[in-house]
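Using the sequences and the hints, build the whole thing.
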Amino acid sequence: MGADTLVERLVGFIACPDPDPELFDVLALDVFQYQARHNAPFARLLRARGRTVRTVRHWTDIPPVPIDAFKSHLLTCAPVEQAEAVFMTSGTTRGAQRGRNVHPTLRVYNASMRTGFRAAFMAGVERLRMAILFPPPSLLPNSSLAHYLELARASFGTPDSLHVVDTRGLNVQALLRWLEDAEAGGEPCALLGATFSFVHVMDALQQSGRRFRLPAGSRLFDTGGFKGQSRELDPDSFYNGLSETFAVPRECCINMYGLTELSSQFYDRGNATSPALKRGPHWVRTRVVDPLTGHPVASGERGVLAHWDLAQFNSVCAVLTEDAGIASEDGFILLGRVSGAQAQGCSLALDQFLAAVGGNAP
Amino acid sequence: MTRWRAGWLPADAAAVTEWRSVPVEGGGHPLEVELPLLPPDRLRALARHLRVQGAGALRRTSLQERIDAIDATVQTLLDPGHPVRERMDRWLPVTTGLPADMVVEGLKRTLKTFRKHELRRFLAEDLSNPGMLDDFQPLPKGGFGQVAGPPLLAHVWAGNSPGLPLWSLVSGLLVKSAGIGKLATGEPLFAGWFVEALAEHAPAMADSLAIVWWPGTDPTCAEAVFAEADRVVAYGSDAAIAGVRAAMRPGQPLLAHGHRIGLALVGAETLDPVRVTDAAARLARDIAWHGQQACFSPQMVFVEGGGRIGPEQFAAALGQALDGMTRRYRFPSLGLEAASAVTRWRSREALLGHVTGPPDGRWSVAFHSGEPEFAPSCLSCSVRVMAVASLEEVPALLEPWRAFLQTVAIAVGPRRLFDLAASLSQVGVTRLAALGQVAALEAGWHQDGRFNLLDLVEVTEIDQSLMSWTETLGHAAD
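Quick note, the sequences are listed as chains A and B, same order. For the record, in the first sequence the residue sitting at position 79 is 79 according to the numbering used here, with numbers rising by one throughout. Going from the second sequence to the numbering used here is simple: count from 1 and add 362.
Quick caveat, the hints were computed from the structure, so don't treat them as lab data. Please note that a few of the clues may not be correct.
Only part of the chain A face toward chain B is listed, based on derived beta-carbon distances under 7 angstroms [what the hints assert, rightly or not]:
hint, residue
1, Arg44
2, Thr158
3, Val338
4, Phe353
Even for Gly, the Cβ is constructed at its ideal location relative to N, Cα and C.
Okay, structure coming up:
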């Protein structure tokens, strides 16, 4: 099947309001076969695992690829030079290898994003007045989050929505004006941004002793964790802080879990309690697995999250993350990073070695 | 639930009032270890007390007495029926998370390294005349000299090797230094139990030691200890050692042993059908020792082409040997973090070459015939085997990584050994061992090229000219 046909079918499946689960199985094999044929490093990994197009009969047979492979190899079916977008993971220092997820067209990514976001965040409303606590794509052209948030603004934001982060960082004055207008306006509105940006905002507002009462129906959206860019808070402290600062109840604070190495996202239904259950859309399947075998762990056991994301038609649709989780009936509980086992002895393991040399490894 | 209190305090020190409870999981038996927590002012007082009372008591002992006491302690602990040894055999596998038979084997070997005749090796290795530790002895340069360690040595231990504290503890005692040591949370029981056994034979020596703990995140405790200590010996990661330095006084001497990456070199001499199985078995032993977590554990293997057995075949033989070795010593199953690291590593290696290893991840051997390079592994008995045209090309590619180098396990014939050793030493390698023998640390081992005793002591010398002069000032009746 050619890329164009695949794209059409995926966009159609994503848009389907009442999807047939068997269609997932069919499409999954189509995407897999396309990737096995055209993505050379993926083909090598398949051979190493003793899987072939013949022996993969069901999406559960598709071996999930560790996200680390995006750093060491270019995982793509279509040439990267013709891509509409290349999203890159954040590098640590100069010379560090950044993972690349190549999108020959953003049609599928955008369809996935819009469908998921509308269902999880908009609560039946067409458009909300938004402030984005993250740089626009013009400043971070390879950031999937920048693209995601701009797409949210463009697709679901009112015309007076805006970004409040520019080249100099968070524009506190612009944000304060936006918040004052929002408070006075009485219409529901939304603040969207990186988790660490919210910490900065809360700290800045606390320093100037300010709080806001955003109108009823307002919602907050955070994603990405602290990433060493702000002080760390436990989930309860974070969401209590948001609730107190903006008078938005915790159940209207939505957290999104996404990766540069995926093309779809996962949402909870608010954070009245934490950690909140995360769910994915009908074109994604998630399992909590033993990373070595790829097999699901026993129910209630801690394992590593693996996702089969059909929107990811160009790189690899089955991805093994470095996040730990526990499976639940309707979704999963995200527990946090699992990588970077601390060396117990006196030998320096690869992870620490790479950290020590700042990614300038052979 | 078994509960053990770790550490040791001298008999005349006030009792510990606060303990930090650390549950130890995964060892098959629920265990809680309590670490002795002293606030900075008490640590400082304790250190001061050791520096005066403890060192004073040690100075009243002779070298022979100290050797005999350590030897008696070691012999006691080599008796598997002794209650302290029984405790060690039972609980060190739980604290370390390593196979019980491997821990006991390692414990016996470590203890034997500190028997009387081996202690003499430590002394002979560093001091031309160990008698200098007792009194002034003639110096080769002329005149007389004596050596002594500082009154108080501070030790900061790390990792999960039970025997590790012994090296610096014994060295300190031999040179008459009292000691205050910080336990490693990775294995907190051995050090205190050793001193408990020492107290049976030489209470005064045991009372010159304190083994405590403080949180690594709290610099005030470390500062209090280092303010009173004369020198510091520290083990650990770069970050841990940087933390130690930051808490020390400016210019205060530090002997640091950081984390390292080991490797192995296999020459064509070994690669014939007769020798190769033995070589692979030996190397597997080195890799499997302590789950590859020791500073000397090989993480990568350079195999020379041109033998009757090729590098790729050697990799296969190594895989078989590791399979046997990891079955023989029953390692606990990998936790999620280690399993994730192994998966990541195996996937990378599969894209570069090919990898073998069981589904449970307990060992992995990768082989790729591309350019050989410095290739640390994810541990858990994982190695990359690389082919080289000749071993003599390896030192050059190691050069950029000298900060991480220490031990090389090597299999070459005698004609090449010295030249290779010279090239390797130029890039920072400080120890060459036979395959299968990396864990067999010899008494007097110069860890990271340092000196166990010499790096602790100072010489006090009496000039030869003073000896001549003093004669002229003899008693008037002369």
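Each hint tested on the structure:
1. Arg44: Result: holds, 6 angstroms to nearest chain B Cβ.
2. Thr158: 43 angstroms, violated
3. Val338: Holds, because the Cβ-Cβ distance from A:Val338 to chain B comes to roughly 5 angstroms (cut-off 7 angstroms).
4. Phe353: Where the cut-off is 7 angstroms and the nearest Cβ of chain B is about 5 angstroms from A:Phe353, the hint holds.
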